[in-house]
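Undergrad: Here is what each chain is made of, one letter per residue.
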Amino acid sequence: MQNKKINKGYKLLIGAVIDEPGSSEKNKTGSWRTFIPIIDQEKCIKCGICWMDCPDMAIKKNADGTFAIDYAFCKGCGICAKQCPTKVISMKLEGK
Amino acid sequence: MIAGLPEEEYFSSGHRACAGCGEILAVRHALKASGKNTIAVMATGCMEVVSTPYPESSWKVPWVHGAFENHPAIASGIDAALKALGKRDKINLLVFGGDGAYFDIGFQALSGALERGHKATYICTDDEAYMNTGVQRSGATPPFGATTTSPAGKKIHGKQQAKKPLPLIVAAHGIRYVATASVSNIQDYYKKVQKALATEGPSFIHVFTPCPTGWYYDSADTIEIARLAVECRFQPIYEIENGALKFTSKIENPKPVAEYLQKQGRFKHLGKEETEFVQKYVDERYNFLLELEKQKKAFDVLL
Ligand SMILES: Cc1ncc(C[n+]2csc(CCOP(=O)(O)OP(=O)(O)O)c2C)c(N)n1
Ligand code: SF4
Ligand code: SF4
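Order-wise, the sequence lines are chains A and B.
Residue numbers for the first sequence follow this note's numbering, beginning at 58 and rising by one.
Residue numbers for the second sequence follow this note's numbering, beginning at 10 and rising by one.
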């Protein structure tokens, strides 16, 4: 950004401007996870409730209408597993 | 559309909110309701801090930071500027703040902007304390809620005051649309945001957003806690449209408030007497709202 000289010896920096929308996607929050959600695709009824209730936008719709977890961002909160009406999402300890 | 909501996201992953944060859901879905032609203004608080760690941003629409004390004034300026440019009809203006922002610190600025009548939709994401600075009590903390500044001690058991009835105070400014909502019913919230955006002049939505970190419950339970709060009448869900209060989901057979309280660490110190007190408090406030609904025109003289 431009620096404006307002007075000899002083520079006024134009305030913090972020000109890259959605750039927080560089920050992969999947590393926060302790528990990992696993969707049983076969039993998914395609309601989208997990997608709707995920605070990390970490659930994506597949071409066939089922849903998949984006593990790059999923923090493992467990909301999706709790809210899934058919209980086809299970939470497992990460790395096991 | 998925579950009646647009697929397009205007808020990105990678934000730093705690796992299971309820407030994020309110921000995410308000943006879906508002769409790409939106300008957002935000007071400081968790939502700002987690979404804009310089030089990154989670926002995909133009977003402006404001202080508690002036962010509604910033919104007023944007409203005036859009009008001057002849673009007011094409652009939605969403203004976000937490309970600290609207119940307390930014209240004067909100009140001023409402009184001046600038068109903007205010969204108060209520997690009943100042979370970003480490869970201090706010005007929204309910009776006996434990926070770091209203701790559950041996003699004094959490906050000793009531919760400020902010939606009613806002409605008393004579604005045309005020609503309450909860992240346990996203579709209802989504519709209310759209309705608010279509309102002439200012509009205000109070959305109940549980916080696992400050309320001490398992992150998986955010939606469930929000739903219980509605089902036990702790969080009433209504609209005040053109001065008339109307419940949008009326709870005919409420669950005991104890069921809601017991799920959260911030209430774990409550004894039988205090639980009864909260039950009575909740009943009285709900009945008061039912009475206002019966009057049909509770606030219309103020419009
Ligand atoms: C005038 C002023 N006082 C105090 C602060 C410090 N502060 C920053 S965020 C915050 C808490 C905000 O709480 P709330 O609005 O409820 O949002 P939450 O963090 O809970 O989402 C406080 C007190 C500030 N930024 N400005
Ligand atoms: S566990 Fe939480 S963050 Fe991960 S996909 Fe489910 S709802 Fe989203
Ligand atoms: S402290 Fe609470 S409101 Fe703040 S980011 Fe964490 S869960 Fe969300």
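Honestly, the hints are just simulated from the structure, not real lab data.
Ideal Cβ positions, reconstructed from N, Cα and C, are used throughout, including at glycine.
The reader is advised that the hints may include incorrect statements.
Unchecked claim - Here chain B is said to cover these stretches of chain A; the calculated rule only asks that three of the stretch's residues, wherever they fall, bring their Cβ under 8 Å from a Cβ of chain B:
#1 72 to 80
#2 94 to 100
#3 105 to 116
#4 124 to 132
#5 141 to 147
Claimed, not checked - Here are some, though not all, of the chain B residues that point toward chain A, as calculated from beta-carbon distances under 7 Å:
#6 S21
#7 L91
#8 Q117
#9 S120
Undergrad: Hold the hint about B/S120 up to the distance rule: shortest CB distance to chain A must be less than 7 Å.
TA: violated, 27 Å
Undergrad: According to a criterion of three or more residues whose C-beta lies within less than 8 Å of a C-beta of chain B, is the region 72 to 80 of chain A covered?
TA: With 6 residues in contact (Cβ-Cβ under 8 Å with chain B), the coverage given for the region 72 to 80 of chain A holds.
Undergrad: Can you confirm whether chain B covers the region 124 to 132 of chain A, using C-beta to C-beta distances below 8 Å and requiring at least three such residues?
TA: holds (count 4)
Undergrad: Would you check chain B against the region 105 to 116 of chain A, counting CB to CB pairs closer than 8 Å, and say if three or more residues qualify?
TA: holds (count 9)
Undergrad: How about the region 141 to 147 of chain A: do at least three of its residues have a C-beta closer than 8 Å to a C-beta of chain B?
TA: As far as the region 141 to 147 of chain A goes, the hint is violated, because 0 residues have Cβ atoms under 8 Å from chain B.
Undergrad: Does the CB of B/L91 sit less than 7 Å away from some CB of chain A?
TA: violated, 20 Å
Undergrad: Holds or violated: is there a CB of chain A closer than 7 Å to the CB of B/S21?
TA: holds, 4 Å
Undergrad: Are there at least three residues in the region 94 to 100 of chain A whose beta carbon sits under 8 Å from a beta carbon of chain B?
TA: violated (count 0)
Undergrad: Just to be careful: measuring from the Cβ of B/Q117 to every Cβ in chain A, is the smallest value less than 7 Å?
TA: Violated, about 24 Å.
Hint compliance for this structure: hints 2, 5, 7, 8, 9 are broken, all remaining hints hold.
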